[in-house]
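**Student:** Sequence:
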Amino acid sequence: MSGDNDDDLTNRLLESEDLRDTRDYLSRGRLLANLNDAELGDRWVGTFRAWLTGEAGLALRNMNDAAAELRLRSLALPYDRVAREMDSIQRAFIQIAPDASPVTVNLEIEEFLRVRGKLMG
Numbered sequence: 001m002s003g004d005n006d007d008d009l010t011n012r013l014l015e016s017e018d019l020r021d022t023r024d025y026l027s028r029g030r031l032l033a034n035l036n037d038a039e040l041g042d043r044w045v046g047t048f049r050a051w052l053t054g055e056a057g058l059a060l061r062n063m064n065d066a067a068a069e070l071r072l073r074s075l076a077l078p079y080d081r082v083a084r085e086m087d088s089i090q091r092a093f094i095q096i097a098p099d100a101s102p103v104t105v106n107l108e109i110e111e112f113l114r115v116r117g118k119l120m121g
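Counting from 1, one number per residue, gives the positions in the sequence shown under UniProt numbering.
It is possible that part of the hints are untrue.
[Claimed, not checked] So the derived label-pair ranges between C-beta atoms look like this:
1) T53 - D18: 21 to 27 Å
2) L19 - D42: 20 to 26 Å
3) S16 - N36: 26 to 32 Å
4) L75 - N106: 19 to 25 Å
5) D37 - M86: 17 to 23 Å
6) P98 - R30: 43 to 49 Å
7) A92 - R30: 19 to 25 Å
8) L35 - A83: 19 to 25 Å
9) N36 - E111: 30 to 36 Å
Derived from the structure by calculation, the hints contain no laboratory data.
Quick caveat, the model's predicted, so the values are computed rather than measured.
Heads up, the beta-carbon is just placed ideally off N, CA and C, and yes, glycines get one too.
Model the full assembly from the supplied sequences, consistent with the hints where possible.
**Tutor:** Below is the structure:
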């Protein structure tokens, strides 16, 4: 039962961060509104990859802006297009904790991505 409560809390925190990111993006003038859906997906994928590898200082904000615009359009984030990168992160966590459940691995990945965002933002 406690695991369900932890999952609920994690989901609420992630939703809160999404709302904050969307608000911040809107306050900057919705700069990506003129992109079509494919261009917007490309922008998110490119900035996700740059952010993950630490190549660009503004990558986190740019990725969050693209994610906010995708949410405003009710489009899903194109995680399928960064599946290789996500699989790489997942394999790294499984090597660290081979006995961890898939739920635990996913929660750890979410935490890793959140902390990485704070360090780079």
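**Student:** Now look at each hint and say whether the structure bears it out.
**Tutor:** Status of each hint after checking the structure:
1. T53 - D18: 21 to 27 Å: 23 Å, holds
2. L19 - D42: 20 to 26 Å: 25 Å, holds
3. S16 - N36: 26 to 32 Å: 29 Å, holds
4. L75 - N106: 19 to 25 Å: 22 Å, holds
5. D37 - M86: 17 to 23 Å: Given about 21 Å between the Cβ atoms, the range holds.
6. P98 - R30: 43 to 49 Å: 44 Å, holds
7. A92 - R30: 19 to 25 Å: 35 Å, violated
8. L35 - A83: 19 to 25 Å: With a Cβ separation near 22 Å, L35 and A83 satisfy 19 to 25 Å, so the hint holds.
9. N36 - E111: 30 to 36 Å: For E111 against N36, whose Cβ atoms are near 34 Å apart, the range 30 to 36 Å holds.
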